[in-house]
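**Q** Take a look at the letters that make up each chain.
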Amino acid sequence: MLPDPAKRLVSGPVDGHGRRSIYMKMTLMEPPRFLAVFNQPLPRVTVGKRDRSTVPEQALALLNDPFVAAMAEAWASRTVATAPESAGAGAASMLTAAFGHEPDTERVHRLVAVAEACGLARGAPSDALAASTAVWKDVAHAILLMQEFSHVE
Amino acid sequence: MSNDTPLVSGGRERVTRDPRCPGFAAPPLSRRGLLEATGLGFGWAAFGALAQATGSADAASAAGGPAGTHFFPRAKRVIFLFMDGGVSHVDTFDPKPELDARSGAPAEWKRDDRSQSAGHNRKWLGALWPFSRRGASGLWVSDLFPHQAAIADDLCVVRSLVGESPPHGAQNLLLHTGRSIGAAPSIGAWINYGLGTENDNLPGYVLLNNDWVPNGGFQNFASGFLPATCQATTVRAKGPPVDNILAADPPEVQRVKLAFLREQGLATAAPADALAIEAAIRTFETAARMQTTIPDVCDVADETEATRRLYGLDRGTDHEKFYALQCLRARKLVEAGVRFVEVTCPLTQGRVIADLLV
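Taken in order, these protein sequences are the chains called B and Y.
Yeah, the first sequence ends on 1358 if you go by this note's numbering, and it's all consecutive.
Yeah, the second sequence ends on 1149 if you go by this note's numbering, and it's all consecutive.
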């Protein structure tokens, strides 16, 4: 679970117990910080056009926000639960889930390299990478950071 | 292709459905396209040269002010102490002889619907502290501010600001954006837009907040219709100074992810998108540097004991201590090249200073 409940996007469980919401409670004086960083319009007045920006505060949010970390961890847990037979198989299944098509081998190789380097840095045994939630969390986080993921039109 | 079809994408009126034939290769980016693709506004572009001289505020002033602007800026940096709920002007810098003459007399005026204070049985209240002229300039300052009175010749007092309506929120927005309905760029955003930042590892407009949202909300510090890079970055007094500034990963793990991001992004970007992708990747690298630069510039541990006392870091209450901390940080931030620093005032148990004095 998230260490700082104040940083949560919305109240309640992270996955909303599987529910999705169109209408959310919004505090007019202080909108959700995470969404505000990504140019959520201020709720008090009508906005004719959405701002588009690419600023370091967004990168900080994607790198360090507990909400992003929680999403990566949830995804990692699901991946570990499928018991992938190798790091490559796990990476391929996550890329498929993220982008909706079979990934090319280069992408898979780069992501396996991320898993190996992060596993090394975190001291995970190299022969058990595929079973390490910490390593898969790093891989999931790396996918969430990918330009293809954030800049898809 | 007709002549009136825009050849260059990325113009102000972005076409949502591309009318060009499928084999069309985009020409090199236009100037406007470049600015938009890099996600930075004109204010930043005008300051490109200076941005490279990282943190050299002195170098910029030695060179005769920032290059690239069409005018010579006399004000180079602004520290705005926004004292919401502060002491009344008629008790500090704005003597009202007529008010003093009527002090104690019933306040008889035709009920003014614009005023929320138009109750019955109200009396005029004159200045509670006597005024006198100070310094060589003869600036009027009341006895409430003896220390500021001593530096009267260094002060510029503006007495012509007039509000439009009683509600605090609307007045705060009027002060910050020039419009009591807000939805316009904040003064800090304008300064940042016009002059840019002198340090590309720090934001150009910093709000030193005290865990409190002033009336009018964050619209007071927003960029309005200016580029989003002009909006304030909030630095809090308590805890981590900036949202998400503490790295969630060990440095070597973060380095792995950033290297992957660069390699993957550049390997898969279509030629037309390469510049935008490059700019986006660079924001991650700037963010990684900010994890160090922001806590560094917000850290006041290196200040001498005398300085810490002068600012009031040793005061007894949290309000005083945190306000002192933010004021000291304001000085450090402008020294590091931040254009516009705003410090908000902590609320003291829901009561405004004016109430506490009386």
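Hints are supplied without guarantee of correctness; some may be wrong.
[Stated by the list, open to error] Selected chain Y positions facing chain B (in silico; Cβ < 7 Å):
1. TRP931
2. GLN1010
3. ALA1039
4. VAL1044
5. GLY1056
6. THR1077
7. VAL1091
8. THR1095
Rather than coming from a laboratory, the hints here were simulated on the basis of the structure.
Backbone N, C-alpha and C fix where the C-beta goes; we use that ideal spot for every residue, glycine too.
**Q** May I ask which of the numbered hints given earlier this structure violates, with the numbers listed in increasing order?
**A** 1, 7, 8
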